[in-house]
Amino acid sequence: MDQLSRLFAALTDPTRRDLVARLTAGDATVGELAAPYDMSVQAVSKHLKVLEQAGLITRAGSAHRSPVHLEAEVLDLMTGWIERYRRRAEQRYRRLDAVLAEMNGSPANEASTAGSGGPDAGTNDEQPMRGTA
Numbered sequence: 001m002d003q004l005s006r007l008f009a010a011l012t013d014p015t016r017r018d019l020v021a022r023l024t025a026g027d028a029t030v031g032e033l034a035a036p037y038d039m040s041v042q043a044v045s046k047h048l049k050v051l052e053q054a055g056l057i058t059r060a061g062s063a064h065r066s067p068v069h070l071e072a073e074v075l076d077l078m079t080g081w082i083e084r085y086r087r088r089a090e091q092r093y094r095r096l097d098a099v100l101a102e103m104n105g106s107p108a109n110e111a112s113t114a115g116s117g118g119p120d121a122g123t124n125d126e127q128p129m130r131g132t133a
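As numbered in UniProt numbering, residues 1 to 133 make up the sequence shown, in order.
Source of the hints: derived by calculation from the structure; they are not laboratory data. The beta-carbon is built from N, C-alpha and C at its ideal position, and this holds for glycine as well. Errors might be hidden in some of the hints.
[Said to hold, decoys possible] Here are the in silico distance ranges between beta carbons for each label pair:
(1) ASN104 - PRO67: 57 to 67 Å
(2) ALA60 - GLY80: 22 to 32 Å
(3) MET103 - THR12: 32 to 42 Å
(4) ASN104 - ASP2: 40 to 50 Å
(5) LEU75 - LEU96: 23 to 33 Å
When you get a sec, could you build the whole thing from the sequences and use the hints?
As structure tokens, this is what we get:
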């Protein structure tokens, strides 16, 4: 399994997502991380092992007093992947908006296309609609 798949798989569990969220505030021991949960320290350790295998956290040692550290830069891999597909989806929606506006006989919504920074930004290659000057 590739790293991106391991990252997403590790975060499918709500407890592990919560552990990651709590570690954004700073390092913590296994005991500190386990305190708010209605589960044993061993159960929390199993969750941490999954996060560690995915590369999301590192532990200085195996003892429960050793600090657990969030490897936040690993989240950039996930963010980059999500952002790439979010941009593609937005481009499709902008094209759909333009087609719908043309079908309705009105120019494309200026607010949704202005400042988009797309490849045609700053050009005025649009042809006037039929029946207009």
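Against the structure, the hints:
| no. | hint | verdict |
| --- | --- | --- |
| 1 | ASN104 - PRO67: 57 to 67 Å | holds, 59 Å |
| 2 | ALA60 - GLY80: 22 to 32 Å | holds, 28 Å |
| 3 | MET103 - THR12: 32 to 42 Å | holds, 41 Å |
| 4 | ASN104 - ASP2: 40 to 50 Å | holds, 45 Å |
| 5 | LEU75 - LEU96: 23 to 33 Å | holds, 31 Å |
Hint compliance for this structure: every hint is met.
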